[in-house]
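Protein sequences, first through last, are from chains E and H.
For the first sequence, the numbering used here gives the first residue as 60, with consecutive numbering after it.
For the second sequence, the numbering used here gives the first residue as 60, with consecutive numbering after it.
Keep in mind the hints are simulated off the structure, nothing from the lab.
Please note that a few of the clues may not be correct.
No distinction is drawn between identical chains; accordingly, a pair holds when it is met within one copy or between any pair of copies.
[Stated by the list, open to error] In silico DMTMM-like links for lysine to aspartate or glutamate, alpha-carbon gap of 20 angstroms or less:
1) Lys156 x Asp140
2) Lys226 x Glu354
3) Lys62 x Glu175
4) Lys236 x Glu189
5) Lys236 x Asp119
6) Lys156 x Glu255
There are 2 protein chains.
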Amino acid sequence: MEKIVSLCRRRGFVFPSSEIYGGLGSTYDYGHYGVLAKNNIRSLWFEAMIQQRDDIVALDSAIILNPRVWEASGHVSGFTDPLVDCRTCKLRFRADKLEDGQCGRKPSKRPGEFSECDLTEARQFNLMFETQVGALQEASSSAYLRPETAQGIFINFKNVLQLARRKPPFGIAQVGKAFRNEITPGNFLFRVLEFELMELEYFVPPAEAETWHRYWIEQRYAWYLKYGLRPSQLRVREHSAEERSHYSSATSDIEYLYPIGWSELEGVANRGDYDLTQHTQHSGTKLEYVGEGGERYTPYVIEPAVSIERIFVAMLVDAYDEEIVADRQRTVLRLHPAIAPVKAAILPLIARDEQMVARARSLYDELRRRQVVEYDDGGQIGRRYRRQDEIGTPFAFTIDEQTLDDDTVTVRDRDSLAQERLPIGGVRAWLDDALERPWRTPKGD
Amino acid sequence: MEKIVSLCRRRGFVFPSSEIYGGLGSTYDYGHYGVLAKNNIRSLWFEAMIQQRDDIVALDSAIILNPRVWEASGHVSGFTDPLVDCRTCKLRFRADKLEDGQCGRKPSKRPGEFSECDLTEARQFNLMFETQVGALQEASSSAYLRPETAQGIFINFKNVLQLARRKPPFGIAQVGKAFRNEITPGNFLFRVLEFELMELEYFVPPAEAETWHRYWIEQRYAWYLKYGLRPSQLRVREHSAEERSHYSSATSDIEYLYPIGWSELEGVANRGDYDLTQHTQHSGTKLEYVGEGGERYTPYVIEPAVSIERIFVAMLVDAYDEEIVADRQRTVLRLHPAIAPVKAAILPLIARDEQMVARARSLYDELRRRQVVEYDDGGQIGRRYRRQDEIGTPFAFTIDEQTLDDDTVTVRDRDSLAQERLPIGGVRAWLDDALERPWRTPKGD
């Protein structure tokens with residue numbers, strides 16, 4: 060994991076946030092390549108979950124909702140962790156995870172050694188960030204930053220049902236930031252204060268809930284395989300009754316074998332009719348489906364939910380590779396081309412050669428109209444290749460002396476290191492094809 | 060404006076947020092077509108500002124930053140509105156805009172009539188939402204939701220300068236949510252609690268600041284023309300000294316003639332060296348450019364900043380049209396095809412005809428692999444056309460009896476209403492071409 064964190068920092072994927080002010084715990088900023096990779100993950104999810112389907116529509120609800128939403132959902136009363144404060148060092152710890160805590164005054168002590176500390180009794184601490192909305196000066200102006208995007212979907216259920224002329228099974232999906240006031244220090248991007256959730260709420264007739272639950276586990280599992288995660292690093296694990304959230308009647312996690320061990324990548328929950336029933340009771344608006352024949356029921360909800368951050372880390376971990384090539388170590392991110400932040404690099408072999416530069420710039424200008432590509436004329440060609448390997452660029456086109464003679468360029472494959480020559484006029488079509496080809500990780504399964 | 064709001068609601072572009080709980084002032088949720096249109100605006104901005112340029116890189120910084128960032132930026136002390144409270148009705152009003160206020164207990168009174176109300180003295184009210192970050196229990200754990208994304212860029216200036224091997228002029232751009240605790244009730248999407256900012260911070264040698272300021276005003280103005288806004292509805296207006304924000308040494312707004320009058324669409328500010336200097340002083344980290352020859356200076360910053368919401372409203376207003384066709388009124392959104400949420404509709408003329416449906420579904424499956432298209436077999440063909448007109452779909456392909464004979468379909472143009480026949484096998488290429496063609500609004504200038 061340290062290697063991943065270091066690569067992310069070195070190549071500008073991810074920085075600790077607010078670094079010049081000493082940081083802010085469990086918060087990160089994304090640099091250029093991080094933004095591009097996240098954009099790809101988001102687009103591919105949106106395409107698979109919405110654009111390619113007839114039965115799912117998009118939504119983008121607000122982060123700050125009417126606070127009664129969170130009373131109805133159970134989050135105000137139930138979305139809590141038990142915490143203890145240390146009266147000596149003023150830090151807070153999860154009462155149920157004291158073995159991971161470390162006293163702030165005695166950093167030399169091992170985690171979990173609190174024998175000399177002055178800990179308070181445990182109390183319940185709500186994980187929602189609270190703020191004040193200013194239009195009213197009364198106590199009721201407290202509001203929360205959403206800890207999940209799902210509730211924004213449930214409260215719009217009726218709007219969508221009417222306007223999109225849908226009937227179950229149908230889904231509403233959205234992507235957006237969510238916030239959790241986490242106390243436990245995070246493992247890199249695993250437990251962060253703010254994260255970008257991608258959630259689908261799929262509404263089904265109650266009798267079909269189990270079938271659709273299995274369907275969505277399979278769909279999402281297949282999506283990860285399609286974008287290059289190795290099956291050996293993936294598994295599906297069913298939650299035990301004790302683990303499940305207050306709203307869930309069954310949850311399965313698609314887990315990935317992260318460096319910290321098997322951990323949740325995506326959760327697929329059967330939320331039953333819990334949320335629609337709660338909002339019906341609290342709002343007085345009936346959130347149910349009424350069929351043409353007059354039959355009515357409250358649909359069950361199947362929810363595949365994942366954060367872009369967890370996919371991002373899984374993709375990086377899965378893609379990271381080191382190998383010895385010609386006696387030198389090479390670090391390479393073997394990312395699926397659709398995930399790779401940059402699709403191709405255009406490299407003039409000799410940066411001082413005006414003709415090579417002109418040809419390279421012209422190819423670059425042609426390609427970047429359709430793809431994110433990068434022009435690089437800085438340093439030895441070997442260094443430039445290694446830079447592109449580290450950010451996972453699948454192809455590099457090099458313009459050299461021969462290009463000036465016969466209008467061909469070299470294309471270098473990131474994974475196999477094979478090089479071949481192509482006519483420069485055919486590069487654009489070649490790249491389009493190469494990016495559409497089915498892809499399999501060269502790391503084996 | 061009422062017509063736009065009503066269309067947005069009717070066709071599922073935008074809903075008032077938390078509607079089943081009585082709403083939340085100045086907050087909206089976006090339905091399917093709203094999400095698609097916003098995605099298009101965001102992608103086109105990203106493409107023009109980052110992907111097509113060598114000199115600008117992307118960033119995605121956190122919403123909750125270390126609170127010292129906002130002390131340094133001047134927002135903690137200076138980002139305020141003067142407010143008065145009414146002791147009778149408990150509402151708050153902008154002291155400088157009392158003429159727009161309306162007493163909550165006397166809704167019959169005209170705005171601005173406060174003679175019988177019991178108003179407090181004005182006091183400064185900070186527009187940043189405040190919250191508590193839980194890892195520490197002390198007062199210093201207060202944090203803010205960012206009111207602009209720019210500061211996240213400034214504090215990462217050094218990271219990017221080093222890693223992206225840049226020198227001025229170069230830029231860092233980002234898209235993300237920002238939050239302002241606005242008191243003045245909004246005009247639809249004009250003044251909302253949360254909005255999605257698209258900001259570029261462009262770092263330049265101080266002597267070149269004015270030139271680059273003009274350059275960015277022109278670039279951004281041209282971008283709006285390219286995506287269909289009429290020049291007659293656009294103007295550039297320079298801020299007077301009193302209007303300018305605390306950090307600005309010159310600001311020009313690109314204004315649009317909204318139904319509420321000329322109002323800011325995008326601001327292009329010259330922030331000078333204010334921000335980098337402030338952060339250098341407060342953080343102790345020198346945020347300056349050091350050239351290869353050892354020369355050093357603090358770059359000036361040119362900032363084009365706009366919210367997706369304001370572009371979205373301007374595009375809708377500009378595109379909205381009503382006309383009488385064959386004695387019936389038609390409402391049509393003449394959106395630029397790149398902005399339109401749906402690029403084409405595929406319509407089987409007779410929904411009960413299995414052969415027509417099969418041909419239509421097959422065309423739909425082919426097209427949606429590349430574009431957002433919609434299949435619609437619900438209701439009379441005229442109704443379906445009108446539905447697509449209202450959401451701004453530029454093209455509709457109809458599969459009819461003749462299709463079954465000669466493999467051609469009708470393509471209907473949203474704006475001219477012209478219909479022509481095309482071979483069904485050529486539809487995909489025809490649509491690709493049509494979406495790439497330069498486009499001019501049929502509403503004249």
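Now the hints, each set against the structure:
1. Lys156 x Asp140: within (10 angstroms within a copy, 44 angstroms between copies)
2. Lys226 x Glu354: Within one copy only: 12 angstroms inside, 67 angstroms across.
3. Lys62 x Glu175: Answer is neither; intra-copy 36 angstroms and inter-copy 69 angstroms both fail.
4. Lys236 x Glu189: Answer is both; intra-copy 15 angstroms and inter-copy 17 angstroms each pass.
5. Lys236 x Asp119: both (10 angstroms within a copy, 12 angstroms between copies)
6. Lys156 x Glu255: neither (25 angstroms within a copy, 37 angstroms between copies)
In this structure, the hints that do not hold are numbers 3, 6, in rising order.
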